[in-house]
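K.L.:
The chain contents come next:
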Amino acid sequence: MCQLPPPRHSPGERLFRLLLLLFPRNFRHAYREQLVEAYIGQRNEARYGGLLGRLRFAVDIVADTTLAAVRRHTAVLGGRARRSRTNRSPTTIIAKPGIGNMTSSVLQDVSYTVRNLGKNPGFTALVILILAVGIGANVAMFSTMNQALIRPLPYEEPGNLVLGRATFNGNINPLMSAYDYFDYHERNQVFESLGAINFGPIDLTITGGEEPEQVAGVFVSWDLFPTLGIPAVAGRHFTPEEGEPDGPAVVMLSGGYWQRRFGSAADAVGQSITVNGFPLTIVGVMPADFHFMHDADLWVPMRRDGAFANARRWHNWYLVGRLRSGVTIERAQADMDVISAQLASEYPETNRDKALLLTELHEAMTEDYRTSVLLLMGAVGLVLLIACGNVAGLLLARGSVRRSELSIRAALGASAPRLMRQLLTESVVTAAAAGMLGTVLAVWLQKLILQFMPIDIPSMQSMGISGSMLAFAVILTVTTGLLFGILPATRAANTNVVEDLKSSARTTDSGGSRFRSALVVAQVAVSVILLIGSGLLIRSFASLRGVDPGFDARHLLTAEIRLTQDKYSETDQLINFFSGLREDVRAIPGVTDVALINQLPIRNPGNNIYVYAADRPPADRNDRNVAYTRTVFPGYFDAMRIRLLSGRDIGPSDVAESPPILVINETMAQTLFPDEDPIGRQVVVDMGQDVSFEVIAVVGDVRLDGPRYNPRLAMYGSYFQRPYYTMRMAVRTAVEPTSIARALRAAVWSQDRDIPVDDLSAMEDLIARTVSRDKVMALSLTVFATVAMSLAAIGLYGVLAYYVSRRAHEIGIRVALGAEARDIVQLVLRRGVTLVAVGILIGLVGAFWVTRLIQQMLFAVEPTDLTTFVTVSLFFASVATIACLVPAWRAIRVDPLTALQTE
Amino acid sequence: MTEIPLEIRRLQPLRPAVLHILLVLAEGERHGYAVKQAVVQRTNGVVKMGPGTLYESIQRMVEHGLIQPVHRLQNSPRDQTQRRYYRLTPFGKQVLHAEVARLAEIVDCARSSLHEGKHA
Chain A
0 MCQLPPPRHS
10 PGERLFRLLL
20 LLFPRNFRHA
30 YREQLVEAYI
40 GQRNEARYGG
50 LLGRLRFAVD
60 IVADTTLAAV
70 RRHTAVLGGR
80 ARRSRTNRSP
90 TTIIAKPGIG
100 NMTSSVLQDV
110 SYTVRNLGKN
120 PGFTALVILI
130 LAVGIGANVA
140 MFSTMNQALI
150 RPLPYEEPGN
160 LVLGRATFNG
170 NINPLMSAYD
180 YFDYHERNQV
190 FESLGAINFG
200 PIDLTITGGE
210 EPEQVAGVFV
220 SWDLFPTLGI
230 PAVAGRHFTP
240 EEGEPDGPAV
250 VMLSGGYWQR
260 RFGSAADAVG
270 QSITVNGFPL
280 TIVGVMPADF
290 HFMHDADLWV
300 PMRRDGAFAN
310 ARRWHNWYLV
320 GRLRSGVTIE
330 RAQADMDVIS
340 AQLASEYPET
350 NRDKALLLTE
360 LHEAMTEDYR
370 TSVLLLMGAV
380 GLVLLIACGN
390 VAGLLLARGS
400 VRRSELSIRA
410 ALGASAPRLM
420 RQLLTESVVT
430 AAAAGMLGTV
440 LAVWLQKLIL
450 QFMPIDIPSM
460 QSMGISGSML
470 AFAVILTVTT
480 GLLFGILPAT
490 RAANTNVVED
500 LKSSARTTDS
510 GGSRFRSALV
520 VAQVAVSVIL
530 LIGSGLLIRS
540 FASLRGVDPG
550 FDARHLLTAE
560 IRLTQDKYSE
570 TDQLINFFSG
580 LREDVRAIPG
590 VTDVALINQL
600 PIRNPGNNIY
610 VYAADRPPAD
620 RNDRNVAYTR
630 TVFPGYFDAM
640 RIRLLSGRDI
650 GPSDVAESPP
660 ILVINETMAQ
670 TLFPDEDPIG
680 RQVVVDMGQD
690 VSFEVIAVVG
700 DVRLDGPRYN
710 PRLAMYGSYF
720 QRPYYTMRMA
730 VRTAVEPTSI
740 ARALRAAVWS
750 QDRDIPVDDL
760 SAMEDLIART
770 VSRDKVMALS
780 LTVFATVAMS
790 LAAIGLYGVL
800 AYYVSRRAHE
810 IGIRVALGAE
820 ARDIVQLVLR
830 RGVTLVAVGI
840 LIGLVGAFWV
850 TRLIQQMLFA
860 VEPTDLTTFV
870 TVSLFFASVA
880 TIACLVPAWR
890 AIRVDPLTAL
900 QTE
Chain B
0 MTEIPLEIRR
10 LQPLRPAVLH
20 ILLVLAEGER
30 HGYAVKQAVV
40 QRTNGVVKMG
50 PGTLYESIQR
60 MVEHGLIQPV
70 HRLQNSPRDQ
80 TQRRYYRLTP
90 FGKQVLHAEV
100 ARLAEIVDCA
110 RSSLHEGKHA
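Chains as they are written, first to last, in numbering that gives the first Met the number 0: chain A, 0 to 902; chain B, 0 to 119.
Mixed in with the good hints, there may be bad ones.
Which stretches of chain A does chain B cover? Using the computed rule of at least three CB atoms under 8 Å from a CB of chain B, they are [unchecked claim]: (1) 24–36; (2) 58–67; (3) 886–897.
Just so you know, these hints were derived from the structure itself, not from any lab.
A virtual CB, placed ideally from N, CA and C, is assigned to each residue, including glycine.
With the sequences and hints as input, model every part of the structure.
P.N.:
Pasting the structure below:
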């Protein structure tokens, strides 16, 4: 006999020995050498040739060892568990059947449930987490919706309040002129009172304190607050005399400003504050939680023939009316139509196509985001529904596992309704846990929602946990529990005791399987709808971001400089101040250029005016075009990188004494002078009286209102010919724009310490803000759609895996009779593809109908955009194929012998 | 159909590895690796059995009393390693018979149902 050399292990063998550490120690000690021998034997077999062969061998070995190790550990644990369980009889759990009243048996159900759920902590935690997220999102969204759309406005008898908006040829403007307002006010017979509020807050400068302060002031008619029915907390409302042309100079404070400036002192009423250089007497204070349309620090009375209130052709006011009791909105509208017709015949030049449209105030205030809120509410509701479907599917599958347990209980005398109650208790208890967790989540989520989707509704900020929110959470929780529990419970409770105890664990659960298939089809359809919705919003958002605003928005810091009339009464003072400031700012290190204009694009939209070509006056003055009007300092177009298409730029020589000039944009040139050279032509502008301007240049179009809106007619005049107190500055920098904010303030204050410089923001941020809601909507819907899709894919996988396990027998026979892998894959795929195809088809049809609801939210994308529909279908189909392939692959691996054995 | 004792029913259906090991050992005592080789041979390589599966199944069968290790003298140079031989226990034989009967019933049933299916 020869002596063998000491063993030298190959690298593979060493690795295999390491792998053996997966086994329990006893087993490893007993079998290590034999395992290694078998390993070497298998390795030496010729079957594993080449690199691919060796790779397959390695995979096989690792899989085999791991699986066997898992089985061994389970066996060891199972043995231990069996030994310890023999001490406790299972009947202790189901003791005392039929004893006690309903309450104690419900308690018994609950306590049994808690114990039972505790036994499957992983499963229970998964279900609770899925449901908690679903319930939380729903409760948060409901709370938001409740506050924004359902809860009545915090005014007296809010149902009687209507908003009046001007229409031109039926299109909502929405603002109405002051003179028209006065006429509606005097002639109507349907309103208890009719108030008016200005289009927005006006920036006012308050001096006389330690520092000049910039505040927001809003013009309101003297009777606006009585119309809303909100009393003053100190002092009084405005009086009718204070709305007259030479009425007393008065002001009301907001509760917030009263607190900030006067510490809520009662003697503030009667004091005087200096606003824009004029002393105004404080007559009253509104409550701190009062909010109507705009954030305001000061309320200033609208004065007949005063600011914004001296014409029939300027439209600056929203009207707010309180209907007399018993008057319907239809009757009020009819009354308004009569007055509109009277005004049209009395003032044809301004009122020919004008009318006043009444809308319920609440409806009017919510119409902007009604769609967004309802859309998100619908989306989270659908996601919860899908989640319920999945949990129901899980419970159905588990119901089969628990059959023997239920059978034993039934055999011991539990009736079917009793068992069903037990199972429903389980799902409701699970849902309750999820509901509690979800409500906690919801409190946090609704803050998140508000942060991303600012909703301009009174007292929207003071959201906490409300009674209605809790009630909704409870109802939703119970519904959810019943929804996902009822079918599994009915199925499981209708067990046939004798059959179940006789047969093995295998069940014929065709009803449940049909139900799960239907669930999957519904889930697929719903996720396709959500995916298409989010796809459309994403495309819309992408096109919004891709829009060229007409100027270079990068590296621009914007600021507002406001001079007061008392200090800068002369035109020269204004020109000198801004010319000097422009030079100072340009000298700041990092600044490359400075643009000065009265209203910056995006930041300050609005302000248009009637124009026509001088040599082509329209037959009817109502047919004049409307153009945005702006006033700029020389160098504006250069600094903003706006293209000069023809003519010459505005220069320092375009002063008050020289002929009045205008630079017009491309759209205006094409509208007023189609196919002609506009340079040198005259444009007539309605500035109260008609004034002629000479066109000296044409520049590229700029989207003044934001990326969403197409460029309209716009014209730019010279600051030297038309100076303003308030100018906006755009500073182009070579560095991060906001980094020069401090230097910019210093430059302004070196000229005049009394000028507030607020609201410094980068132009790119301003543009991003105009599309922020689109971003939020696209983002949230994408998240919901992804969750829905994942849940649907999991549901699909579950159904097919169940299908394969149930058909293992059939598949085994097919394989035994010569079916090839391809046939088996086809068998499984056919079922999966059918479900998915039906689901996608229903989803597409649904989406075709549903996406119309979001049409108004889309930019440059049709709600039936073919690309989105096709992409989503293909995308979903590929995800679904992956979900199908796993069970199909498992089906191929069905061993005919195993399959036949399981019968 | 004869009444099958509960302790056998408890083990059914057998996993393929277990069934094949029983079938091989029904022919006589073998050591672990030889069992594996025999299985591969009998099934023309269709049933594969990695080292882990092989010895995990063997250990489980020993625990269930289906097979038992046999202590033999090492009688050839190829038996250098600590080879352990196994043989079927009477209970293992019972289980094997019960399982084969069960399978036969299924195959009969399957055949007739396929037959019916063709005429339907």
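K.L.:
All hints are to be evaluated individually against the structure, with a verdict given for each.
P.N.:
Cross-check of the supplied hints:
{"no.": "1", "hint": "24–36", "result": "holds (count 8)"}
{"no.": "2", "hint": "58–67", "result": "holds (count 8)"}
{"no.": "3", "hint": "886–897", "result": "holds (count 3)"}
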